[in-house]
Every structure is written in C-alpha cells, then in structure tokens.
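Novice: Protein chains in written order, with my numbering: chain A, 430 to 889; chain B, 401 to 709.
Hints in this document: simulated from the structure, not taken from any laboratory. Among the hints, erroneous ones may be present.
No farther apart than 27 Å at their CA atoms in a straight line, the calculated lysine-lysine pairs in the DSS-like style are these [what the hints assert, rightly or not]:
{"no.": "1", "chain 1": "B", "residue 1": "646", "chain 2": "B", "residue 2": "663"}
{"no.": "2", "chain 1": "B", "residue 1": "686", "chain 2": "B", "residue 2": "449"}
{"no.": "3", "chain 1": "B", "residue 1": "683", "chain 2": "B", "residue 2": "449"}
{"no.": "4", "chain 1": "B", "residue 1": "584", "chain 2": "B", "residue 2": "572"}
{"no.": "5", "chain 1": "B", "residue 1": "572", "chain 2": "B", "residue 2": "593"}
{"no.": "6", "chain 1": "B", "residue 1": "583", "chain 2": "B", "residue 2": "683"}
{"no.": "7", "chain 1": "B", "residue 1": "704", "chain 2": "A", "residue 2": "799"}
{"no.": "8", "chain 1": "B", "residue 1": "637", "chain 2": "A", "residue 2": "802"}
{"no.": "9", "chain 1": "B", "residue 1": "501", "chain 2": "A", "residue 2": "799"}
{"no.": "10", "chain 1": "B", "residue 1": "583", "chain 2": "B", "residue 2": "662"}
{"no.": "11", "chain 1": "B", "residue 1": "593", "chain 2": "B", "residue 2": "449"}
{"no.": "12", "chain 1": "B", "residue 1": "637", "chain 2": "B", "residue 2": "704"}
{"no.": "13", "chain 1": "A", "residue 1": "799", "chain 2": "B", "residue 2": "583"}
{"no.": "14", "chain 1": "B", "residue 1": "686", "chain 2": "B", "residue 2": "663"}
{"no.": "15", "chain 1": "B", "residue 1": "640", "chain 2": "A", "residue 2": "802"}
{"no.": "16", "chain 1": "B", "residue 1": "501", "chain 2": "B", "residue 2": "449"}
{"no.": "17", "chain 1": "B", "residue 1": "449", "chain 2": "B", "residue 2": "572"}
{"no.": "18", "chain 1": "B", "residue 1": "663", "chain 2": "B", "residue 2": "640"}
{"no.": "19", "chain 1": "B", "residue 1": "658", "chain 2": "B", "residue 2": "646"}
{"no.": "20", "chain 1": "A", "residue 1": "802", "chain 2": "B", "residue 2": "704"}
{"no.": "21", "chain 1": "A", "residue 1": "802", "chain 2": "B", "residue 2": "662"}
{"no.": "22", "chain 1": "B", "residue 1": "683", "chain 2": "B", "residue 2": "637"}
{"no.": "23", "chain 1": "B", "residue 1": "501", "chain 2": "A", "residue 2": "607"}
{"no.": "24", "chain 1": "B", "residue 1": "583", "chain 2": "A", "residue 2": "802"}
{"no.": "25", "chain 1": "B", "residue 1": "583", "chain 2": "B", "residue 2": "572"}
{"no.": "26", "chain 1": "A", "residue 1": "802", "chain 2": "B", "residue 2": "666"}
{"no.": "27", "chain 1": "B", "residue 1": "583", "chain 2": "B", "residue 2": "646"}
{"no.": "28", "chain 1": "B", "residue 1": "475", "chain 2": "A", "residue 2": "607"}
{"no.": "29", "chain 1": "B", "residue 1": "449", "chain 2": "A", "residue 2": "607"}
{"no.": "30", "chain 1": "B", "residue 1": "683", "chain 2": "A", "residue 2": "799"}
{"no.": "31", "chain 1": "B", "residue 1": "593", "chain 2": "B", "residue 2": "580"}
{"no.": "32", "chain 1": "B", "residue 1": "475", "chain 2": "B", "residue 2": "449"}
{"no.": "33", "chain 1": "B", "residue 1": "704", "chain 2": "B", "residue 2": "666"}
{"no.": "34", "chain 1": "A", "residue 1": "752", "chain 2": "A", "residue 2": "799"}
{"no.": "35", "chain 1": "B", "residue 1": "666", "chain 2": "B", "residue 2": "686"}
{"no.": "36", "chain 1": "A", "residue 1": "802", "chain 2": "B", "residue 2": "683"}
{"no.": "37", "chain 1": "B", "residue 1": "704", "chain 2": "B", "residue 2": "584"}
{"no.": "38", "chain 1": "B", "residue 1": "658", "chain 2": "A", "residue 2": "752"}
{"no.": "39", "chain 1": "B", "residue 1": "646", "chain 2": "B", "residue 2": "584"}
{"no.": "40", "chain 1": "B", "residue 1": "640", "chain 2": "B", "residue 2": "658"}
Here are the chains, one letter per residue:
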Amino acid sequence: MRTMSLLFCALMLCQIPSAWAQEMAPKSFQDQLSRMEAAISKLQSTVNNQNEVIQSQQIEIKDLSRKLLKQSAEIKTDLPNVSDLAKEPEGLRLPGTANWNPEVGVVGDIVAQLTEDHADEEGKDSIVVRELELVYGQYVDPYSRFDAAIVFNDGIEEQNAFIEQAYLTRYELPFNFKAQIGKFRPKIGIVNLLDRHALETVTEPLVISNFFGEEGWSTSGVRLQNYIPNPWDLPLEITGEVLNGREAPSFADRARRPAFNVHLKASFDLSESDTLDIGGTTLFGTDNLDGPLRDKGNDRYSVHVFGMDGVYMHHFQDGSRFKLQSEAYIQDRNFRTPFFIDSDADGLFEVVETGFDNNPYGFYTLVDYKMNKNWSFGLRFDWLKPLDSLEFDESGVATGFTRFGTDKTWEISPYITLHQSEFCLFRIQYSHTENAQGITDDAVFFQARFQIGVDRHGLQ
Amino acid sequence: MLLLKKLIFALFLFLAVYPRAFAADEIRVVTTTKTFADIVKQVGSERVKVDYVAPPGQNIHFIQPRPSTIVKLIKADLFIHAGLDLEAWRGPFVEAAGKSKFLPGGDAELDLSNGIRLLEIPQGQVTRAEGDMHLFGNPHYWTDPRNGKIMARTVYQKLSEMYPEYENEFRKNLEQFLSKLDKKIIEWQNCLKPLHGGRIVTYHNSWPYFADFAGVEIADHIETRPGIPPTIRHIAKLIKLMRDEKVKVIVHESYFEKTTPKKLAKQTGARVIELASSVGENKDAKDYFAMFNYNVNTLSEALKAGNNV
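Looking at chain A on its own, in the form it has when it is part of the complex (with noise of 0.2 Å):
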C-alpha cells in the first residue's frame, strides 16, 4: 500500500508540472504571443518609418546627385585628370634644386664704328664687343631680392669686367617704402637709368656722357621709393638716394662725402593710348679736392645739379608706337679760382685762375616711331655746353685745366632699327656732331644686339 501510495505520489508529482503547464500553456503563450506580436507590428512601424525616411533620403539624394552632375558637367568635366595634374606647371617653379638657381642672362653688345674723329691716335673706327653683361637676379626671401649685373668689355686700349650694378632691393618697409642697398644706377632722369643696350640709340645723349660718364652713372649707394598717396591716385613717384659721390665726371673723383639725388616723377594716362610722364631731378654732390684747395673756400656741396624728363607715348590701333622723350639739365657749380695747380709737376703749386664755367648745361630731344614688331627709327637731337674740368696725375695731384665750356655742341643722330625677333636687334645710326669752333665729326654706327637666358623687361 505504501509503494502504492509512493508510485501514486511520484506519479501525481510527475503529472503535476504538465498539467500546471497545461493549465498555464494557452495563457502564457497567448501573452507572449501578443507580446511577439506587439513587438513585431512596433518593428513594422518602425521598419515602415525608416524606409519613408530612406525614401525621402533617397530623393533627397537622387536630387543632390542630379545636381552634383550637373555641376559637374559645369564645371568637374573641364578639370584634368591626376595625372595631367601631376604634369601641370606651378607658375614659373621647376621642379627639384632648379628652384634656387638665380636667373641668369646674357646681353651682347657688339657695335662698330666709323668716325672722321682723329683726337683718338689709334682711331676711332673699329669693331668691339661694347658689352657683355651677365644679369643675375633671385628672391632673396619673401621680402627681399638680388639682382647684379656684371660686365665684360672690349675696348681698344683695354679688356676690362666690372661689377656695373649689385644690389638688394628690400619690398614693404614701413609706409611702403621700397629700399635698394648696393650699386645702382642712380634714378637721375631717364637714360641713366637704363642700360646700355636698352637705349634706343647707339650712343648715350651728350648730356649724360658729359654729366655723368661715358656709359651713364653706376655708384653704390642706397635707394628709398615710394608713390605719394593723392586724391586723384595720379602716380607721383618720389625716390631719394644717397650716393657713392664720384667716378662722375660732375663730381671729384675722390670725393668724401657723398652725394644726394631726390628724384620726383609724375604720370598721366592721357588717353587709353596716350602716356605723359614728367620728371624732375634735383642732385647735390661735391667736387672739391683735397689739399689745399679745401681750404680755399669750395663749398661741401659745391655741385648742383637740377634736370627736367618727359616721355609722351602714343600707342596706335595697328600696334606701332610713337615716343618723344627729352631731358635737361642744367648745373650749378660753386667753383671758386685761384686753382692750385702743379702743372710742371716739380711739388710747388701754381696760383692759376681757370675762368670755369660754373654753369654748364645741356639737352637731348629724342623722337621714336616703332612702325611695327620689326621696324623702328627716330632722330636725336643733342645740344651741350660741356664740362670744363681739371687734369690730375695718377696721384690725383691737379697738373693743368681744359676750358670745354666754350665748345658749345650740338649733334644730330637718325638711326633705324631692325628687331630681328625680341632678342636679337640690328641698328644703324649716323651722328653728325658740330662744336662752337667750328669742328664737326660725321660717325656712322652698327650695333647688334642679342639677348639669351631669362627675359626680364625692366619698367623704364
């Protein structure tokens, strides 16, 4: 009975759980079931949510797609590939060290001549290499640049090279001032300025090779330029210059102290194809001498030198250009006689009155026609009453004076250009040249001119 009662129990305990499971099966499943079921249509209306959001995205896409092609077919089907990318140039940079190589190039001048001029013994009619001008220019730094300008020549007498200009230009001092440091050729007017074979003549006008040297002046010394702000934005240049007071010959030759050059420059677009500029120049320097004549009373600056420049430029439809371009100059000079002069070189001085002219002057009036890329001609017209001055020995002793300022000059110089391309020219010039006395001289010039390496064409 008891094992009966056990087997009773163990069976009832075995029927218990699946008969509560029974009991509790439909209502526990339906729950869960509905739970499934709520979660399920919550996962629907989500699911629903999110592909109404995919599908507004979707136009919303679709829109920003048309419109990326659009503006692609605008704009992206005109850019190159990478791989044209990577051929393109970045402005003027080469590529590797190349970068930090100067600019280098180089100016021949070969001129020949043929002259009635006998003052020279050995002639004047020859052929020389006037000029070899190695130019070489670089960015210094972001604010700075060198540029320098060596040269070689072939006169008769000599061969010779010499530094014509070296010199730092620093950019965006305070006011905008712009510094040059070095030799230069000084802003005196406007052939001065220019190198040799950037003149439009063969010749420099008389003016500035009696003034200023033979090949225009080229001293050390420092440069401040600036434009003067004005109301009516007219370009007014101002450039002040402390100089190298000499190797002019309107200055002593070992001169102390040194010289001052205030240059002013004012600009006028008269018309689209019309050009004024207008310039004055206004330059102390000394030519006193040491030793005894100090103390006889020459002034420390005792050289002034005053100038006016203009250029009119007419540019016409057909591209030919016509230029007129004068300069002059007048100085006044503070000479004070009795000279002391040894003229027989014994060390005792003679008290000479030389009578200088204190007041010499002179002036060039060029005219220009550029008929077209490959022809050009003009005229020069010079007027000049020279320097007299004083003859030293190689001691710099005075040994004599010569009077140039009776030979009043004038000289009259057509010429015609060929430009064979922009870095080759051919000229001819004829100089028919008269002095006071009656002296004339009548020179014929050939000049060729070539140019290899960078291209810099200066700003005159």
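Since chain A is already given, all that's left is putting chain B on it; use the hints.
Specialist: The following block gives chain B in isolation, referenced to the frame of chain A:
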C-alpha cells in the same frame, strides 16, 4: 634745416595716415588682362573693383605697364595673372609695386593657369632657336570658353578663401556665370559644328585652344616660328600649302603687321579675319561673352565663305 625736418615729418605722417583714411570697402583686384578682369567682375560682381594692366589690342607678351597701373596694384587686395611665361613684364611690374603679397607664392596673387589642361608643352631641351618658345606650354588658354569655367571657379575659390563672408554671394554669381556660359558654349558649338575639320592659317600661335574648341585645324602660321617674322621662303611655302590644301582663312590679331597677311590673301584668295584675343580688343568684343560671340561668328562666316570645310 628745421623746415626740412618738418617737411619730412609731414610727408611720413601723410604717407601713414592717408591710405587708411581713404580705404574703400570694396575688394580691389588688378588683373593683367581685360579678359581676366571681366571674369573676375562676373564672379565678384558689386563686391569687387577690377582694373587691368595690359590695354586690349597690344601684344600681351611685351607691353610696357603704365605707372598708373603700378599705383593701382599698390592699393589692390588681389593680383590675378595668366601664370606660365605669358607676361614677360610681370616680374618687374610686381616688384615696382613693392608688395611681397603679390610676389610669386604670395597670399594675394592668383595664377589663373591652375587647373588648365595646357597644350603644346615642349618636350626635351628648349632653345630660342625654335623661336620665342613658352617653356610651360601655350599660354593663350583663355581663348577656349571651356577654360573660362575653370578660370571662374579658380577666381571664386580665391575670393571665397580671402573673403569667406561673401562666399554665398560669389557662389551665386559663379553659378549664374557658369549656367550662362554652358548655354552659350552649346550655342557656339552648334554654330561651329558644320565647320568641323576646316583649316586656317594664323599669324602667331595664339589660337590652338580656340581651334580645339571650334574643331578646326591650324594648317600653319605666318610667323616662321613663334615671335619670328616671316621670311620670303616661308611665305612661298605657305602660299603653296594654302593653294594645295585650299586653306581660305587667315586669322590675324590687330597688333601684328597687316601687309603679309594681305599679300598672302591676295595670292591665295583667302580671307583675312581679325579675331579678338582679349575683351575690349574691338568694339564687338565688349565683354567675355561678346568676345566669343564675335570670334565664333567671324570664324564661322569666313569658313562658310571660303567653303573651307
């Protein structure tokens, strides 16, 4: 001496104060050509005041910039140029203004050749025995209106970078410009389509980009080599070529000599046409669109007249 000191002091004071006192709100841009100036104006609209350096109708390679343009550059906020070695005077011009921001690589200079697919990039050693060669490729890229879109975009990017506050305005202007240009390009291409394959002779090698756009072929140039004037032998060769291949159109720019093209035209029965290489070069090329209208119509009429297709 005291007076001199006072004068110098006054000058410095004036230089310091004056430019600030008259500073304008507008963005001042100086471009090298009037064509670029017109594109900048299209993108910058009223926000920009644009001046250009090279007068239209002069050879862009070798102009002598006016001092007034140097003053404009000194006052400018941005300098835009053709890049490459197109403007031989660009270096000295920028240096004359004395502002480092306009020097190569400066913050306020923009090279419009960026992104342009250049043609005729020389290969191997280049010497001037080949004429006035351009080391980086033919620089006359603005003569293709498709490049106008790239240039406008470059201008937009630079202006937006410098003046982000006006970016939306610049973008709107750019979109308008591009939209108009796209329509015009289709119009011009339709006009030129029947003339595809036509052959022309040009004076200088200024037109490869335009020829590419127009679908015409440049048979030869009047210059023997870039920048080198024609010789008698070259002209004789050219006459033979034009007769043999029935080339009936000679393209000429206003600033080149007219005698040789006229002689050539007389010998071959060709027609000489003057295309505008810059906005403002003639009265019909008043702006960027007008320039292409004029060039496309002029070329199209000449090719039709010569039946040179």
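Novice: If a hint holds in the structure, say so; if it does not, say that too.
Specialist: These are the hints, each one checked on the structure:
1. B:646 with B:663: holds, 16 Å
2. B:686 with B:449: Between residue 686 of chain B and residue 449 of chain B the Cα gap is close to 17 Å, so the pair holds against 27 Å.
3. B:683 with B:449: holds, 22 Å
4. B:584 with B:572: The hint holds at about 18 Å.
5. B:572 with B:593: Given pair residue 572 of chain B, residue 593 of chain B is violated - Cα atoms ~31 Å apart, limit 27 Å.
6. B:583 with B:683: Holds, because 23 Å separates the two Cα atoms, which is no more than 27 Å.
7. B:704 with A:799: violated, 37 Å
8. B:637 with A:802: holds, 22 Å
9. B:501 with A:799: Measuring from Cα to Cα gives roughly 36 Å; hence the hint is violated.
10. B:583 with B:662: The hint is violated at about 36 Å.
11. B:593 with B:449: Violated, at roughly 38 Å.
12. B:637 with B:704: Holds. Residue 637 of chain B to residue 704 of chain B sits at ~25 Å (cutoff 27 Å).
13. A:799 with B:583: Between residue 799 of chain A and residue 583 of chain B the Cα gap is close to 43 Å, so the pair fails against 27 Å, i.e. violated.
14. B:686 with B:663: At roughly 30 Å apart (the allowed maximum being 27 Å), residue 663 of chain B and residue 686 of chain B break the hint.
15. B:640 with A:802: holds, 25 Å
16. B:501 with B:449: At roughly 19 Å apart (the allowed maximum being 27 Å), residue 449 of chain B and residue 501 of chain B satisfy the hint.
17. B:449 with B:572: Within the cut-off at roughly 18 Å; holds.
18. B:663 with B:640: Status holds; Cα separation ~13 Å.
19. B:658 with B:646: holds, 21 Å
20. A:802 with B:704: With Cα atoms ~32 Å apart, residue 802 of chain A and residue 704 of chain B exceed 27 Å; violated.
21. A:802 with B:662: holds, 17 Å
22. B:683 with B:637: violated, 35 Å
23. B:501 with A:607: Answer holds: residue 501 of chain B to residue 607 of chain A is near 14 Å, not above 27 Å.
24. B:583 with A:802: Since the Cα atoms of residue 583 of chain B and residue 802 of chain A sit roughly 39 Å apart, the hinted pair is violated (cutoff 27 Å).
25. B:583 with B:572: Cα-Cα ~17 Å, so holds.
26. A:802 with B:666: Holds, at roughly 22 Å.
27. B:583 with B:646: violated, 33 Å
28. B:475 with A:607: Roughly 15 Å between the alpha carbons, so the hint for residue 475 of chain B and residue 607 of chain A holds.
29. B:449 with A:607: With a Cα-Cα distance of about 26 Å, the restraint between residue 449 of chain B and residue 607 of chain A holds, given a limit of 27 Å.
30. B:683 with A:799: holds, 25 Å
31. B:593 with B:580: holds, 20 Å
32. B:475 with B:449: Roughly 11 Å between the alpha carbons, so the hint for residue 475 of chain B and residue 449 of chain B holds.
33. B:704 with B:666: Holds, because 19 Å separates the two Cα atoms, which is no more than 27 Å.
34. A:752 with A:799: holds, 8 Å
35. B:666 with B:686: Violated, because 31 Å separates the two Cα atoms, which is more than 27 Å.
36. A:802 with B:683: holds, 24 Å
37. B:704 with B:584: Cα-Cα ~21 Å, so holds.
38. B:658 with A:752: holds, 22 Å
39. B:646 with B:584: violated, 30 Å
40. B:640 with B:658: holds, 20 Å
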